[in-house]
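Colleague: For reference, the chains in residue letters:
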Amino acid sequence: MTVICLVPDEIREALGLQPLTEKELEWIRLQNPGPRVADRIAGRIAAKAAFPEANQLGVEVENDENGAPWYSVDGARRSDLNLSIAHSHGWGAAARSNVASGVDVELLRPISDKVQQRALTPNELQLLSRRWATEDRLVGFLTLWTLKEAACKALGLGLKAGLHKVEVRMCRFGIARIKLPDGRIARGTYGFTDGMVLGAVWLPNSLVTWQVTRVRGLTPDGTFEMEPVSLEGFGEGLLR
Amino acid sequence: MTPDEIRTVIRATLRSRYPHLETFPLEGTEPLDNSGINSLGLLQTIVALEEQFSVSVDDDYLVPERLRTLDDLVLIFHALVPAAP
Chain A
1 MTVICLVPDE IREALGLQPL TEKELEWIRL QNPGPRVADR IAGRIAAKAA
51 FPEANQLGVE VENDENGAPW YSVDGARRSD LNLSIAHSHG WGAAARSNVA
101 SGVDVELLRP ISDKVQQRAL TPNELQLLSR RWATEDRLVG FLTLWTLKEA
151 ACKALGLGLK AGLHKVEVRM CRFGIARIKL PDGRIARGTY GFTDGMVLGA
201 VWLPNSLVTW QVTRVRGLTP DGTFEMEPVS LEGFGEGLLR
Chain B
1 MTPDEIRTVI RATLRSRYPH LETFPLEGTE PLDNSGINSL GLLQTIVALE
51 EQFSVSVDDD YLVPERLRTL DDLVLIFHAL VPAAP
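In order, the protein sequence lines correspond to chains A and B. Heads up: the first sequence at position 61 corresponds to 61 in the numbering used here, and the numbers run straight through without jumps. Heads up: the second sequence at position 45 corresponds to 45 in the numbering used here, and the numbers run straight through without jumps.
Since the hints were derived computationally from the structure, they do not count as laboratory data. Ideal Cβ positions, reconstructed from N, Cα and C, are used throughout, including at glycine. Treat each hint with caution, since some may be false.
With beta-carbon atoms standing in for the labels, derived distance ranges [what the hints assert, rightly or not]:
#	chain 1	residue 1	chain 2	residue 2	range
1	A	Leu107	B	Thr23	21 to 27 Å
2	B	Asp71	A	Leu138	29 to 35 Å
3	B	Glu50	A	Asp80	51 to 57 Å
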């Protein structure tokens, strides 16, 4: 099961730094002195909230030398859990899974045709034209972008994998197929909520299930108060 | 154009696209990631600079390791922009 957790900008603001440990705050202070601090905090909160509820208090999110995030529970690395974090404009998203996966989130905003043409492969540009009407083209572009970036994260490479070496081949009814640089086909899903586009991708595997949740706040005992999210256009929660 | 002239244009472009960078130092070696520009924002910036300098950056350069800092951008565009006669 993959748990995808979203932290809206207003919730991140309301929570402040309360959910983070001193070690996490130190990492944020050291790595990110600039304007992305809010995004980093949102991503950290999403990651902690994506962890099973009973253990949230002992959980810390750390990063390896390449910046890839991982869970630490009472000081020990949970290498059985895959963690992917994304953020955009104060929102945070995280996917916690037992298989290699990646997540990305983007604010729906104007992106020029020229940028779209640079970002997508010729096949993806054709898919964009076929699959989305002109008035929905922006949603289509951001869907393809988030899927590409999520696939790159699932590979553990980020965009180092090469923008055009990861190609979305199919994207329909909330389900996507993404060709990886080695020719394998990964599966993904995507959806929209509150002006945000979310994409999640899993490396080839026999069966993937997922659920999407959103942080509402903190309970008096310091665990996260969550609610299920039904994303417009998102897949049904099962990929074979 | 000299590297310094190119750096000035890139700084101005970044600040016009991202008003919050008005007060951000944008030092040459400061990771752009720290300035609030994500990967899609960086691609948008590259395309804007391509238009500004009338050049085209090869896709091979569109990877994070080659676009980490302002100095990286200066290096790429200095190699592409013709020197003044």
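Colleague: Where does the structure disagree with the numbered hints, that is, which hint numbers, in rising order?
Modeller: Structure breaks hint 3 only.
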